[in-house]
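Student: The residues making up each chain are set out below.
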Amino acid sequence: MINATLKQLSQQLTAGQVSAVELATAYLDRIEALNPALNAFITVDREKTLAEALAADARRAAGQAGLLTGVPIAHKDIFCQQGWKTSCGSRMLDNFISPYNAHVIEQCQAAGLVTLGRANMDEFAMGSSNENSFYGAVKNPWDVNAIPGGSSGGSAAAVAARLAPVATATDTGGSIRQPASHCGVTGIKPTYGVVSRFGMVAYASSLDQGGVMAQTAEDCALMLNVMAGFDERDSTSLERAREDYTRDLAQPLAGLRVGLPREYFADGLAADVGRIIDNAVAELKKLGAEVVEVSLPNTQLSIPAYYVIAPAEASANLSRFDGVRYGHRADEYKDLVEMYEKSRAEGFGSEVKRRIMVGTYVLSHGYYDAYYIKAQKIRRLIANDFAAAFAGCDVILGPVAPTAAFNLGEKSGDPVQMYLSDIYTLSVNLAGLPAMSVPAGFADNGRPVGLQIIGNYFGEAKMLNVAHQFQQVTDWHSKAPAL
Amino acid sequence: MSLTHQDVARIARLSRIAVTDAEIEAVGSQLNNILGLIEQMQAVNTDGIEPMAHPQDVSLRLREDAVTEPNRRDACQAVAPQVEKGLFLVPKVIE
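Protein chains in written order, with my numbering: chain A, 1 to 483; chain B, 1 to 95.
Rather than coming from a laboratory, the hints here were simulated on the basis of the structure. The C-beta atom is built at its ideal place from N, Cα and C for all residues, glycine as well. Do not take every clue at face value.
Sample of chain B residues lacking proximity to chain A, with all beta carbon distances greater than 10 Å (derived) [unchecked claim]:
no.	residue
1	H5
2	Q6
3	E25
4	E50
5	H54
6	K85
As a list, the in silico DSBU-like pairs of lysine-lysine whose alpha-carbon atoms are at most 30 Å apart [what the hints assert, rightly or not]:
no.	chain 1	residue 1	chain 2	residue 2
7	A	K334	B	K92
8	A	K479	A	K285
9	A	K334	A	K7
10	A	K285	A	K48
11	A	K85	A	K48
12	B	K92	A	K48
13	A	K334	B	K85
One chain only, chain A, in its complex shape (with noise of 0.2 Å):
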């Protein structure tokens, strides 16, 4: 049962071979055993969750079950839920019960799916490593000396352990891909625009998606459908009619235009996996897809406009924590400066502090052409890389990170190396586009490895057929680690 998909889980609630209360304590129980060990769950309270699903079980037994009705999820710790502390990885929020649901948590609830708890990971999802978390890092489940990656480390680590059957999480810069590829899940990081950020804690507006994660491309194509949609609280929600993401999972690939960025796989990105990414596109070859060379040349510039971009945004959205209205206000203070100063000091981490603070100069008077907007100008050069790509091939495939999972401690001391990990992910959050983490192989280390799957702007069901048919040849997404 804890192998099982959420396709596998809904079929078995559907035929009343095991009901919500069961399911709910079965992985309650596994997070008991296993948690203290990897850390994936900031908080877990047994009693919510069975409230939550006895009342799935009335609702399946008066006949008003949907597809995922009684289903276990872990939310991670950046979504506000009410009633559930929301402390997204800070000290800031460790006092924060949410007095209200994001949208996403609203309609993870009208599908009737069940809270596991709430899933650990970098301070205000800042982070590619999960070591910024006021929690204590995530341990990966193939290594616990590895990171599990970041920001959503304790969504990937959750749904790899098999805690959760699926966990949603966020992805700014790469944190749903990176995390997903260093956990051997499969993860989703749709179009800018297609899940509503009403309620998810703020980082960088502009970049900033809900996704999710879970076993299967299915499982992901099934949690689309309940998260996505218009909602006019989000200013940057899109309008458009809904889609039945799982629509084109079955298509064949006969025919499709596969684009290898040739940047991709330059100098820097490890050997082995390379190899992996290179077997999955010999995989996809032999399902009838066309290879094509592409090229994104701005690619390494995208490391300097994100590390513009998205600590101005930081910049502006952390100051409304300042100790007045919720969050943490310092003890002592003599006036309402200090109090300001100490409460921000003491409730940021310390890479929490580095991004306020180089967004702060970056928008400061006489720098904001130089900095802000001239990281907006190669934004739009990347964007426009990626459509000249997309003119020539219907998805966009390469590596999620240079390396496998490096090990706990490694680069924590140096945030430019760890910047520098981002390479492949971040160009994808400029642009705005949807991309995908799909389990791919295993590094020399033993570590797992994903595929990117990058879409074309609403190309998501494009992307689930890809990674569906690919999973329907390959076993890596269905391999868990020894716990």
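Since the structure of chain A is already known, use the hints to place chain B on it.
Tutor: For chain B alone, kept in the frame of chain A given last:
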């Protein structure tokens, strides 16, 4: 270009984050490393390129000027550090 301790203190002040004298050296050196990384942008010619704010280049929607939020003051203030009679309390700002 390199930030001095004075620059770092100014940025910290603008950010409303207390940085102690003991921290300023390390914070400054990390900020300088990051600024060194983002300096790479200046090598690119972006003349005539329109800055991109939203991937779909959509403009923000307008909505009716109407009250849409219910009054949930008590629930929202339950998480506030200090409140009294429905007001958020802060240190005295006007003498």
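Student: Does K48/A lie within 30 Å of K85/A when you go C-alpha to C-alpha?
Tutor: holds (12 Å)
Student: Checking one constraint from the list: CA of K479/A to CA of K285/A, max 30 Å. Satisfied?
Tutor: Status holds; Cα separation ~23 Å.
Student: Could you let me know if the closest chain A CB is still more than 10 Å away from the CB of E25/B?
Tutor: Given a closest Cβ separation of 14 Å, the condition holds.
Student: Verify that the Cβ of H54/B lies farther than 10 Å from every Cβ atom of chain A, and report whether the claim holds or is violated.
Tutor: violated (6 Å)
Student: Is it correct that the beta-carbon of H5/B has no partner in chain A closer than or equal to 10 Å?
Tutor: Check passes; 13 Å lies beyond 10 Å.
Student: Would you mind confirming whether the straight-line C-alpha gap from K334/A to K85/B stays at or under 30 Å?
Tutor: holds (23 Å)
Student: At 10 Å, judged by beta carbons, does E50/B keep clear of chain A as stated?
Tutor: violated (6 Å)
Student: Has the given pair, K334/A with K92/B, been kept, meaning a C-alpha gap of at most 30 Å?
Tutor: It holds: about 10 Å lies between the C-alpha atoms, which stays within 30 Å.
Student: Taking 10 Å as the cut and beta carbons as the points, is Q6/B off the interface with chain A?
Tutor: Check passes; 13 Å lies beyond 10 Å.
Student: Hint check: K334/A vs K7/A, CA-CA at most 30 Å. Holds or violated?
Tutor: violated (58 Å)
Student: Given the proposed pairing of K285/A with K48/A, does the C-alpha separation stay at or below 30 Å?
Tutor: Violated, at roughly 48 Å.
Student: Compare the distance between the alpha carbons of K92/B and K48/A with 30 Å, and conclude whether the hinted pair is satisfied.
Tutor: violated (41 Å)
Hint compliance for this structure: hints 4, 5, 9, 10, 12 are not met, and every other hint is.
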